[in-house]
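Q: Sequence:
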Amino acid sequence: MKKYILITILMLSALSILTGCPDSVEEPTISCGNLSDQNIHLHYTYDANNLLPENKEHLGEVLYSKPNGRNWKMIYVNTEYDSIYISLLNGDTVNTYSWEVVREKDMILKRYRLSTKEKELKKINFTLEYKK
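First residue of the sequence shown: -5, per my numbering; consecutive thereafter.
No lab work stands behind these hints: they were computed from the structure. Be aware that a few hints might be false.
The calculated lysine to aspartate or glutamate pairs, modelled on EDC-like cross-linking and capped at a C-alpha distance of 16 Å, are [to be verified]:
1. LYS116 with GLU21
2. LYS104 with ASP31
3. LYS50 with GLU123
The following label-pair restraints were derived from C-beta to C-beta distances [what the hints assert, rightly or not]:
4. ARG105 with ASP31: 15 to 23 Å
5. VAL95 with GLY27: 26 to 34 Å
6. LYS126 with TYR91: 14 to 22 Å
7. ASP31 with TYR106: 16 to 24 Å
8. SER77 with GLU55: 15 to 23 Å
Everything numeric in this text was worked out from a predicted model, so none of it was measured. Each residue gets a CB set at the ideal place from its N, CA and C atoms; glycine is no exception.
Sequences and hints are given; from them, build the entire structure.
A: Below, the structure is given as structure tokens:
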């Protein structure tokens, strides 16, 4: 009987070591790049009815023009939603007009609607580049 208990304990130990913990599931990311000669603001949301934030302070960070510095940003995609909406705004527009005017006139330079499904993101190689 002791031999049977010992074998059972050894088998359970080996099984737990071999199977281990499940791999953590990481959310996919999208690399967004500004390859243009103008500074742009990048903002993303999962709400199709609200592409721009209420306040300018909640606007995404600046992606600088190619020769001027930081021009890439990683976005972690929340796969609980079907789509992610990415809006690009010209830096000069954001700095020249009031935020109310930018929102009211929908002064978005470029907008993207992307599926959050990994197989769809693979089609664009998890990369979004603005080149204009």
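Q: Compare the structure with each hint and give your call.
A: Hints and how they fare:
no.	hint	result
1	LYS116 with GLU21	13 Å, holds
2	LYS104 with ASP31	15 Å, holds
3	LYS50 with GLU123	23 Å, violated
4	ARG105 with ASP31: 15 to 23 Å	20 Å, holds
5	VAL95 with GLY27: 26 to 34 Å	28 Å, holds
6	LYS126 with TYR91: 14 to 22 Å	20 Å, holds
7	ASP31 with TYR106: 16 to 24 Å	20 Å, holds
8	SER77 with GLU55: 15 to 23 Å	22 Å, holds
Of the numbered hints given earlier, the model fails hint 3 alone.
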